[in-house]
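Each chain sits in its own coordinate frame; assemble them with the hints.
So the chains spell out like this:
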Amino acid sequence: MSAREEILGRVRSALAGSPDPGPASRGYRRIMETADVAPLLCERLADYKAEVHRLPALEAPRAISEICAAHHVGRLGVPPELRIDWRPGSVDVIEDHGLSPRELDGLDGVLTGCTLAIAETGTIVLAAGPDEGRRALTLVPDLHVCVVRESQIVDGVPAAFAALGRLATRPLTFVSGPSATSDIELDRVEGVHGPRTLVVLVIR
Amino acid sequence: MKGGFPEAARRELANPQLRANLRNATDTIRAKRARVVGELPDWEELREAGRGIKADVLHHLEEYLTQFEAAAQAAGAQVHWARDAAEANAIVVEIARAHGITDVVKMKSLTTDEIHLNAALAQAGITALETDFAELILQLDGDWPSHILVPAIHRNRTEIRDLFARTIATRPLTDDPHDLAEAARVYLREKFLDARMGVSGANFGVAETGTICIVESEGNGRMCTTLPEVLVSILGIEKLVPTFADLEVFLQLLPRSSTGERMNPYTSLWTGVTPGDGPQEMHIVLLDAGRTRVLADEVGRVALHCIRCSACLNVCPVYSRTGGHAYGSVYPGPIGAILTPQLIGVEKAPTLPYASSLCGACYEVCPVKIDIPTVLLHLRAKVVEQHSPSAEGLTMRAAGWVFRGRRRFEGAQRLARFAFPLARLLPGPLASWTKTRDLKPLPKQSFRRWWAGR
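Line by line, the protein sequences give chains S and G. When the count follows the numbering used here, it moves up by one through the first sequence with no breaks and lands on 205 for the last residue. When the count follows the numbering used here, it moves up by one through the second sequence with no breaks and lands on 1582 for the last residue.
I should point out that these hints are in silico values taken from the structure, not numbers from a laboratory. Quantities reported herein were computed from a predicted structural model and do not represent experimental measurements. A couple of the hints might just be wrong.
[Stated by the list, open to error] According to the in silico footprint, chain S covers these stretches of chain G (three or more CB under 8 Å from chain S):
#1 1141–1153
#2 1188–1194
#3 1354–1365
#4 1395–1401
#5 1419–1425
Each residue gets a CB set at the ideal place from its N, CA and C atoms; glycine is no exception.
Next up, chain G with everything else stripped away, as it sits in the complex (with noise of 0.2 Å):
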């Protein structure tokens, strides 16, 4: 990411209209949320529990993916691994071009935007419509996702009225939301009908039965994976799930974090193919894609346990003013600081991990209590290292040697007060330190002085 999340951040802030959208947004949901938090008096041990099932699960990772594999097996679906984007993309395409299928309808899924399948798809001839009402919009103007449950968050309607003018309406519109849901109905109705292969996501793969549970809103989801004859699922490999009595804790997480509803209006759960019932034909892709890496730190694979409800991002001050996109990443916000860097690399998204100010609400709202700013620390310590002698670990270590002297600590406040005016903007390298930070005025003298002469 050139210039990484500083420089990002600051052109998405330029944009009034995007702060306005997010401000709303994001106070909206978070009220919501803790409506329905409220209610129930249980949430703390519910939170323990999904906290303590996924971490079990990325301890015994091996087992339940063997188990899934084989359940999922025994009920007519084919399991394929990919260990990496390339392989899932591939795989993709030749279960398309296996039946001569040029389109394929899907639901929304962070996995496949992570993995880039649409282009993958796009460059094998074959067209992979969005269905998701905000995903749809993305794509009509060749825009990204910038929060993982509502992607479309920078938008207002009428800009949306405005899209869906030039694309895809069949009559003229106005900016009210029924009105725009309608045209997405009708445009989209079709294309479900005629639909012959569905991609999704998954929200969670049921180890003990080889179940794949999706959780929604629209119907889309539904349309994608009931209509077509055949089925891709595409699951990171930390998706799984012991149990499938352990949903009934994830259920209850899961919808009142992300939309602030006691139950999303729907949910599917499938396993394998059913005789006269969805597709005949049943394809998972178990996908590592730096998945793996993340699991081998220690400290750093809590983040494994994310269910993508977005809660952390709805609270969290820098995302509600920066928006996704500064994150330049599928997975933004507090979650995607601590993820991002761990799927591609430390080295390959190095500000990251700084895009926080470590206040701690996100950890208080994940469902799954993801210690994040914990994470963000560890992850932060990785890019010192990487980077040393900072400019910063420099002045770092002179401080401390001024520090550890009485003398030349003293001798260091008189000269402080004296050169004060010429530090509130210091020069070159330092620069990035005091640009963004506001200097304390200092006392006319210090205390042991005033003390002394008392």
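Bound conformation, chain S alone (with noise of 0.2 Å):
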């Protein structure tokens, strides 16, 4: 008998004439009663040691110029349909057209926008969208500038689900804060393999 044939087999046996509990019950809350999303994302991202910026869309360009400068970015990737005003002049802006690891590991930064964030957790969520690019393309430079459109936010991770429904097959990743560790004395160290830097955008 195969195993696969096996396990089910045990499977079955083991629950004979077991009791069917019956749906979960799900009495919480699918709504928050959260006024104001976007301050609360921009105050839970930076308790999470995000650098976080809310500015009006058309200061975006100029914004995300300075944040290159600020810190020391001479390249920074991007999805290859990355919207051309978001893209920096003063910069080396390299796309990303299947770059290897090594490439990806020689960028200063990469740029991207993102298909949603959750207020109440701080979170961002990419879906690997023609702003969004690749996971390795957000995972192996040391700084990641995101940018966030403020009719982008939910409030709670049953509103993101909600939305995400029909990209449940896509690579999903949700980012809240810059990458850490508490392995020591669980003292919190932001900035293990992940990018060490997150700079959140909230434009509206």
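Structure below.
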């Protein structure tokens, strides 16, 4: 008998005669009592040590240039389809057409958009869309600059999953602050393997 | 486990450094957890939903497993089934060999620790590099995990500095955690960039879509599951959730219970193979290794609800003193005390169900409401059934006979006052009872006698 048949057989006999527990009760909140999601997202992102800027959309290009200068970015990776007006003229912009891991490692930073953001948890969700690129692009470089439109912010986790439903099988990455470890005496250290600096621009 | 929990616990308790580290760590994380759990007005409703979803998963496990398999295959993943540890390890070895791969990068996975995957790979000439910060520490020192979430909780910064200085450091190190994290980053980055095969566990598998979900902090998990050409994810058959939307419950419960964060830094979800993004060959190993044995026990099966958050360890008065090694298993603490004996057989871990004061703190913090004390009692009953008549059983039977008759009881009371000094340290097998318990002094006379002479 194959392992598959045997395991499924064991499952069947283990459960023989057990009563059906019925469907789970779902009394949790689907809508949060959050009047204004943008300030909450900014606060929660900053709480986990992301650098957060909130500004009008028209000011985004200038802000991105300034951020690149402040973080000494010379080579900035972008998804090939990232909108042109966000790309700063002041740095070397490199489109990711399948860069190797070592080439990605040679970038000083990466600029992307996102699919949505969750205010209550301070989370940005990347879904490999045209503005976001593939997963490795936002992983290997040490700085991630991410633009969030206010219209992309949802209040809580259930709203995020409702919105992500049709994207469920795309590669998804939930980012909440820069990478971190608490393995040394539970002292939180920001910055291990993922980008050590996360900069979020919330634009309206 | 030779000598069992009591003997191992005594050894661990004699290490003051360990106790200081544990106390510091568990106090910190308990406070963090309480704060972020307190932020959610619907925490109890989320727990109930989590419990209900897991109960439903177990009850319809066959259906969800086949659904998961079909969806993952449709998305380009290859699905394997493993009856036991040896079978799972052989599958991973085979995949590596097929590609001529001799080095794999691994993210932290209790499941792979449970099946001793690294040892099996080593035997086949394949080096498995642990990339989680704590697991790296343990691997470099030939040590093993003592906590589900913070596996090197028993090591302090100075010990880690000394270890790194001996092994991976390329320059002098201080014991500042930032400096230590930097040393690990530099060392591992090269390995990630060259890695051809990654191995991961999984926090959740989604039956509806065939999606795998991993929850982490450092980004090493993203590295292992994104950069290599080949990826193998090993998951216990109980790790499924029915639908993608069910994750909205567990991604609220898990980070808050585990690291005490509203959300962990990185959660990754992927489904099979995505052209141009991540590994182009994806394997999933569905592991039994005793889980169906746990499933067959109507009381004990709730242990399979566990989402490995480790909140129960941090609140446990026993764990916070003995640490994880005393449990002799990759699953320590209260959850380990009910999971390990069931996975490997009660007869092989008969002392673990007793590694608890039954205070119930674990049940209160459990994000999926596993009633650990009830399962502990259930397993204790099983241990007793296998070991009768014990000294304790015989004593209790004798006590029952004395308590049934008034004369016998009064006689015993008189005798007890007389013999009390002797009873504080009983001889022979009875000593194991008195050694660890204080006997309260008896009053000068019994209530009945006082009443009669009033």
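Here is how each hint holds up against the structure:
no. : hint      : result
1   : 1141–1153 : holds (count 3)
2   : 1188–1194 : holds (count 4)
3   : 1354–1365 : holds (count 3)
4   : 1395–1401 : holds (count 6)
5   : 1419–1425 : holds (count 4)
The structure fails none of the hints (numbered hints given earlier).
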